[in-house]
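Listed below are the residues making up each chain.
2 protein chains.
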Amino acid sequence: MTSFSIGVDLGGTNLRVAAVTPAGELLETIHLPTRLSAGPHAVLDDMAGAIAQLIGRQSGEFLGIGVGSPGPIELPLGVLHHPPNLTGFDGLNLRTELERRLGRTVHVDHDAGLAAYGECLFGAGRAHAVDSLLMYTLGTGVGCGVILDGRIWHGMQGAAGESGHGPIIPDGPRCPCGARGCLEMYASATSIVRRAQELGLAPAAHEGSAAQTGNGATPPTASAIAQLATSGDKRALQIFDEVGYALGLSLAHLVNALDLPLYVIGGGAAAAWPLFAPRMFSTLREGSYVYRLSMPRDPNIFEPGKTHVAPAQLSDAGILGAALLPTAAHATATA
Amino acid sequence: MTSFSIGVDLGGTNLRVAAVTPAGELLETIHLPTRLSAGPHAVLDDMAGAIAQLIGRQSGEFLGIGVGSPGPIELPLGVLHHPPNLTGFDGLNLRTELERRLGRTVHVDHDAGLAAYGECLFGAGRAHAVDSLLMYTLGTGVGCGVILDGRIWHGMQGAAGESGHGPIIPDGPRCPCGARGCLEMYASATSIVRRAQELGLAPAAHEGSAAQTGNGATPPTASAIAQLATSGDKRALQIFDEVGYALGLSLAHLVNALDLPLYVIGGGAAAAWPLFAPRMFSTLREGSYVYRLSMPRDPNIFEPGKTHVAPAQLSDAGILGAALLPTAAHATATA
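Sequence order for the protein chains is A and B. Quick note: the first sequence uses my numbering, first residue 1, plus one each step. Quick note: the second sequence uses my numbering, first residue 336, plus one each step.
Keep in mind that the hints were calculated from the coordinates and are not lab data. Each statement offered as a hint is correct.
Derived SDA-like pairs: lysine to any residue, alpha-carbon spacing no greater than 20 Å straight-line:
1) B:569 with B:529
2) A:306 with B:414
3) A:306 with A:278
4) B:569 with B:606
5) B:641 with A:81
6) B:569 with B:533
7) B:569 with B:614
8) B:641 with B:628
9) B:641 with A:77
10) A:306 with B:412
11) B:641 with B:613
12) A:234 with A:194
13) A:234 with A:200
14) A:306 with A:130
15) B:641 with A:74
16) A:306 with B:411
17) B:641 with A:157
18) A:234 with A:199
19) B:641 with A:76
20) A:306 with B:416
21) A:306 with B:492
22) B:641 with B:464
23) A:306 with A:126
24) B:641 with B:621
25) B:569 with B:613
26) A:234 with A:219
27) B:641 with A:79
28) B:641 with B:465
29) A:306 with B:409
30) A:306 with A:281
31) A:234 with A:273
Can you build the whole structure from these sequences, using the hints too?
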C-alpha cells in the first residue's frame with residue numbers, strides 16, 4: 001500500500017489529474033477537457049471532483065495536492081492575473097477556491113516551473129545526475145522553468161523563467177508581450193504554423209502530404225510541418241532552422257548568465273529535435289564561450305561534468321512536478 | 336580593537352590590497368601597479384608583500400584573506416585559464432601560489448562576482464534591503480556577477496555571470512568571445528572609445544574640448560566622450576544611447592529569466608548613467624513584461640517590492656566582497 005499525492009496539470013485545453021507515488025509513478029490519471037466556456041467555477045468544480053474521486057479510490061497514505069497552472073500567477077497566494085490561456089480566470093484565487101471545495105490544503109505553482117521540477121527529479125535531470133537545470137516547454141507558447149540546487153527558482157514576484165519572452169532578435173516580429181523577436185515568436189507550435197503560412201507553405205501545394213496536413217482551407221499543424229521538413233521540403237526545413245537559431249540565441253544568454261549543467265527542451269514541438277538541433281547547437285557554440293569551455297565532444301552523448309542541452313524525457317513532467325510539490329519542503333526559492 | 340580580513344582586487348592595471356572590518360570599513364589600503372611586464376611571480380610577490388604588511392600593521396583579530404581575480408578562473412581550485420586581462424598568467428594557480436608565499440589559507444573568486452557580493456552586502460543591495468541582485472561592471476570589459484539568496488552564483492564551472500557576452504544584437508559587430516553584438520561591444524569603456532572613432536568623433540574637431548580629450552593623435556577616453564555628450568554633441572549622445580539600448584536588451588533577458596529585485600550598474604562607465612539610462616529603461620520596458628509587472632513609478636525612486644535598476648553605490652565593492660569571502664561560510668553556490 002503505497003503513499004500518494006495528487007498532481008494537477010491545468011491547461012487551456014486539457015485538465016489532467018493524477019495520483020502519483022513519491023517515486024514518480026502514476027497510479028491513476030483522469031483526463032478532462034478544460035471547460036473554459038462554462039467559466040472558471042465549472043473548471044474548478046471539475047478539478048475538485050476529479051481530485052476527490054482519486055483520493056477516494058486510493059488506499060495508501062495521502063500526502064497532499066499540487067496544482068500546476070499557466071501564469072501569470074501570484075505566488076504563494078495563487079491568484080491568476082490575466083492568464084492569456086485561461087480566459088475568464090483573471091483575479092481568481094485558484095488555491096483558496098480549490099481549498100474551499102476540497103477542505104484540504106492545496107499547493108499551487110507555475111506549470112513551466114513544475115515541468116522543469118518533474119524533469120529534474122524523474123527525467124533528464126536524474127539521467128544526467130544534476131540538480132540544476134533550465135527547461136523550455138515548446139507548446140502553444142514557450143514556457144520556461146528554472147531549477148537551482150534542486151529548488152524551483154521563482155524570483156521576486158513568481159515571474160522567473162519567462163525566457164520564452166525577451167528580445168532575442170531585436171528587429172524580429174512583435175510579440176504580444178511587447179518585445180520584438182521573442183523566442184516564442186519562432187519556437188512555439190503557434191509560430192511554426194504562422195511561419196508556414198508566411199512562407200506560403202500551403203498543404204495543398206504538397207502532393208501526397210494533404211492527408212497529413214489537412215485540406216487546403218485549414219493551416220497545417222506544427223507536427224505536419226515537421227513531417228514536411230523531414231520529407232525534405234525546403235521551406236519547412238527553413239522554419240525549423242529558424243527555431244534552432246532562436247533557441248541557440250536564447251540558450252547562449254542563459255548559459256553565459258547561469259552556467260547550468262543541463263538545459264532541457266520539452267513540449268510537443270520538441271519532437272522536431274532532429275530538425276532544429278543542428279542550428280541550435282551551432283548558434284549556441286558561436287554565441288556562448290561558456291558553452292564552448294565545457295561542451296561535450298558530441299552534443300548528443302552524455303559526458304559527466306559537461307554542459308548539456310537535451311530533449312525532455314518525460315511526457316508527464318508537469319503533473320509529476322505538481323504531485324511532488326506538497327512533500328518538497330524546500331522545493332521553492334525566491335529572490 | 337576591531338577584527339579584520341584582507342581583501343585583494345587584482346586588476347590588469349592596478350593591484351589593491353586592503354584591511355577591512357566585518358562591517359565593510361576600510362582600515363588601510365595599499366595601491367600598487369600590476370607589474371604584468373615583470374611576470375606573474377613578481378605580481379604575486381607584490382601582492383603577498385602588501386598582504387603581509389597590512390596583517391603586520393593591524394592589531395585586531397585576523398579573519399582571513401580573499402582575492403578577486405579576472406577570469407576565466409577555475410573554482411574553487413584557483414587556476415587561471417588564458418585570462419585576457421592578465422597576460423602571462425595562463426595556468427597559474429593563484430590560490431596555492433599565494434598560500435605558499437604567505438603560509439596562510441587564501442580564498443579566491445571572480446572579481447565581478449565579488450563586486451556584486453560587496454555591493455549586495457554594503458551598497459545598493461543593503462540600501463534596497465534585498466539579498467539577490469545582478470551587477471554589471473562597465474570597465475575595460477563588461478563583468479557581471481549574480482547573487483542569489485545572499486550567495487554568489489558560480490554555476491557548474493565557475494563561469495556564471497558572463498552576461499557581458501552573448502548575442503544581444505545578433506547581427507552586431509563580432510566580439511573576441513566569438514559572438515556577435517555582445518553587451519561588451521557597446522557598453523565597455525573600450526567600446527565607447529571604438530564607437531567614437533567609428534563615428535569620426537575626433538577630439539580635435541571639437542573646439543574647447545581638446546583639453547579634456549587629449550590631442551588629436553590619441554583617442555578620447557570614455558569619460559571624455561561622456562563629457563562631450565553632456566555638452567550636447569550628437570554623435571557622443573548616440574554612443575551612450577547605444578550603450579543604453581544594449582543594456583536594456585541584456586536586462587530584458589535577465590529580468591525575464593530571473594525576476595530579481597535589483598540590477599546594479601557599476602564600473603567607470605556607469606558614471607555616464609544620465610546619458611544611457613533613458614534608452615536603457617525604455618528598452619527594458621518594451622522588452623520585458625516581467626519588468627512592466629513590477630516597475631517602480633519612477634525608475635530612479637526606490638519602492639519596496641518593485642524591480643529596480645540602479646547605479647552602484649560603492650567604488651570599493653570588489654575589495655569589500657573579497658575581504659568578506661573568508662568569513663562568508665555560505666557565500667557561494669554552485670549548479
